[in-house]
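K.L.:
If you're matching them up, the sequences are chains A, B and C in order.
Just so we're aligned: the first sequence equals residues 1 to 199 in the UniProt record's numbering.
Just so we're aligned: the second sequence equals residues 1 to 199 in the UniProt record's numbering.
Just so we're aligned: the third sequence equals residues 1 to 199 in the UniProt record's numbering.
These are computed hints drawn from the structure, not numbers from a lab.
The beta carbon of each residue, even a glycine, is placed where N, CA and C say it ideally should be.
It is possible that part of the hints are untrue.
[Unchecked claim] Derived pair list, reagent style DSSO-like, types lysine-lysine, alpha-carbon separation capped at 30 Å:
1) K106(C) x K106(A)
2) K106(C) x K106(B)
3) K106(B) x K106(A)
[Claimed, not checked] Listed next, with one range per pair, are the computed distances between beta-carbon atoms:
4) V75(C) x L88(B): 31 to 39 Å
5) N55(C) x L71(A): 50 to 58 Å
6) A178(C) x F115(A): 49 to 57 Å
7) A145(A) x L3(B): 35 to 43 Å
8) N109(C) x V199(B): 38 to 46 Å
9) M1(A) x A182(C): 28 to 36 Å
Now for the letters of each chain:
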Amino acid sequence: MLLADLAGTAVFAIEGAVSAMRAGLDLLGVMVIAFIVALGGGVTRDLLIGATPPNAIRDWRYPVLAFAMGLLAFVFHTQVLNLSESLLTLLDTAGLALFAIAGAQKALNFGISPFVSMLMGTITGVGGGVIRDIVLARIPMVLQADLYASSAFSGAAVLIIARRLGVPPVTAALLAAAACIALRLASVTWGWQLPRITV
Amino acid sequence: MLLADLAGTAVFAIEGAVSAMRAGLDLLGVMVIAFIVALGGGVTRDLLIGATPPNAIRDWRYPVLAFAMGLLAFVFHTQVLNLSESLLTLLDTAGLALFAIAGAQKALNFGISPFVSMLMGTITGVGGGVIRDIVLARIPMVLQADLYASSAFSGAAVLIIARRLGVPPVTAALLAAAACIALRLASVTWGWQLPRITV
Amino acid sequence: MLLADLAGTAVFAIEGAVSAMRAGLDLLGVMVIAFIVALGGGVTRDLLIGATPPNAIRDWRYPVLAFAMGLLAFVFHTQVLNLSESLLTLLDTAGLALFAIAGAQKALNFGISPFVSMLMGTITGVGGGVIRDIVLARIPMVLQADLYASSAFSGAAVLIIARRLGVPPVTAALLAAAACIALRLASVTWGWQLPRITV
Numbered sequence: 001m002l003l004a005d006l007a008g009t010a011v012f013a014i015e016g017a018v019s020a021m022r023a024g025l026d027l028l029g030v031m032v033i034a035f036i037v038a039l040g041g042g043v044t045r046d047l048l049i050g051a052t053p054p055n056a057i058r059d060w061r062y063p064v065l066a067f068a069m070g071l072l073a074f075v076f077h078t079q080v081l082n083l084s085e086s087l088l089t090l091l092d093t094a095g096l097a098l099f100a101i102a103g104a105q106k107a108l109n110f111g112i113s114p115f116v117s118m119l120m121g122t123i124t125g126v127g128g129g130v131i132r133d134i135v136l137a138r139i140p141m142v143l144q145a146d147l148y149a150s151s152a153f154s155g156a157a158v159l160i161i162a163r164r165l166g167v168p169p170v171t172a173a174l175l176a177a178a179a180c181i182a183l184r185l186a187s188v189t190w191g192w193q194l195p196r197i198t199v
Numbered sequence: 001m002l003l004a005d006l007a008g009t010a011v012f013a014i015e016g017a018v019s020a021m022r023a024g025l026d027l028l029g030v031m032v033i034a035f036i037v038a039l040g041g042g043v044t045r046d047l048l049i050g051a052t053p054p055n056a057i058r059d060w061r062y063p064v065l066a067f068a069m070g071l072l073a074f075v076f077h078t079q080v081l082n083l084s085e086s087l088l089t090l091l092d093t094a095g096l097a098l099f100a101i102a103g104a105q106k107a108l109n110f111g112i113s114p115f116v117s118m119l120m121g122t123i124t125g126v127g128g129g130v131i132r133d134i135v136l137a138r139i140p141m142v143l144q145a146d147l148y149a150s151s152a153f154s155g156a157a158v159l160i161i162a163r164r165l166g167v168p169p170v171t172a173a174l175l176a177a178a179a180c181i182a183l184r185l186a187s188v189t190w191g192w193q194l195p196r197i198t199v
Numbered sequence: 001m002l003l004a005d006l007a008g009t010a011v012f013a014i015e016g017a018v019s020a021m022r023a024g025l026d027l028l029g030v031m032v033i034a035f036i037v038a039l040g041g042g043v044t045r046d047l048l049i050g051a052t053p054p055n056a057i058r059d060w061r062y063p064v065l066a067f068a069m070g071l072l073a074f075v076f077h078t079q080v081l082n083l084s085e086s087l088l089t090l091l092d093t094a095g096l097a098l099f100a101i102a103g104a105q106k107a108l109n110f111g112i113s114p115f116v117s118m119l120m121g122t123i124t125g126v127g128g129g130v131i132r133d134i135v136l137a138r139i140p141m142v143l144q145a146d147l148y149a150s151s152a153f154s155g156a157a158v159l160i161i162a163r164r165l166g167v168p169p170v171t172a173a174l175l176a177a178a179a180c181i182a183l184r185l186a187s188v189t190w191g192w193q194l195p196r197i198t199v
């Protein structure tokens, strides 16, 4: 579990570093954005559910890992910026599922109601990217495009509904991951979008 | 009291949905911005005064109501986008007064000093709109235009001063609402502005 | 100590007011940005380390001081906007060193690990300016230019390493301030920059 969590942190940190380098930030900016994308969602969830200090502050391994991945991505930027889009999407989708499920479960453990725990799982998955977009002064991508946040919500919702129905934890987590990953990959593959009003 | 609070939440959620539809966001974005405008101020206040988890996280009725109003505003967008500006201003002013007063009182109940409680009331009233503007990557309207935040502050200040002078709670709240609403409507009607330096 | 902290708050509030007046905000906006720049870093640190309510909420003297400096800077805007850049840089550097050191020490006192305490010191020093930039819808300056955040981190790191090596508190703080101030002034004087990838 810890290993999976650290793997998700590393993947999100690399993605953050890529977006920071594309935005022309310096080495510090790259490391800070790597930290934000990797840990911002979890920190937000922990502040909201009252789990303070947040895990990423309490356990130094998370920030050290995020900064180290940011630094590595900066040093090996030629290789990192040449990673194929489909590989990045796959890794990101795995990280999204993991964060959404772990986040929903943690909220539930803190006595948060089922529906709000689904929201907390979603925030864990997408919060880091949202804060990154806010810091880079652009409208968060997840509010505008494809089913990214919806996939995170689906994973969190399947987990919580399955747990309520008495499904054992590991099976529930696998079902939830399947739901999140399937919806995300299907929406990317076929270009699914949520409806939008034109005014 | 609870009913008034839920009514204020519903009004702010609809306003949030309107601004999100005007910004071209998809259904998810509309629901998220409805949530932010309705509950962002109260969540910020609760985090700052140490009332964690914030009320909107602890009590699932608030997020469900905000999302439901966002969804309804999206479905009935033709009607909602045609609501008259003056009706929206009236509803918004009522919500602002309510949130500012309830927020100041809650801060006071948590042992926060009178002056800072006035600030917490102001944040409860205007915080959701400020976070919305930040997420939509624009300079918060309340820092630039008319006496919106000043009206919220007036309401919170009148409440706290009246309570200090021994005025009973309900009378204090009515006086405070009158102050907030009068200042807001007067400033809209006569175009009052705060001074500004031209550099 | 309290006096130094209040002096740092006043300096940062004036800087905030200057940037808000340059951005064309009204009196309220100037006071709010003064508050944010002066107290935003400390509030963020306190929320993250679980010291709630944050000091700036608990102790009314801090917000009153920040608002008063914002108001004074607005009233005496001719004089304030004519302060020389080098004087402002000196004052700002002193405030940065003070906030970074005090913030790192406070995190350590709350049982946060040494490395994360260095981060908390850095956030205390630069957080207010970052939030200001986010509110004004621009990419935070510290992610793009010179060694501002790096200087804050150096100060926090020297403090914590010195304390670990058994250096007495006052000596450690003086060493840390010297490190932060020297790095900041050297980077401004000689135009030092962190490396950056061009993509």
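K.L.:
Which hints, by number, does the structure contradict?
P.N.:
Of the numbered hints, 5, 9 do not hold.
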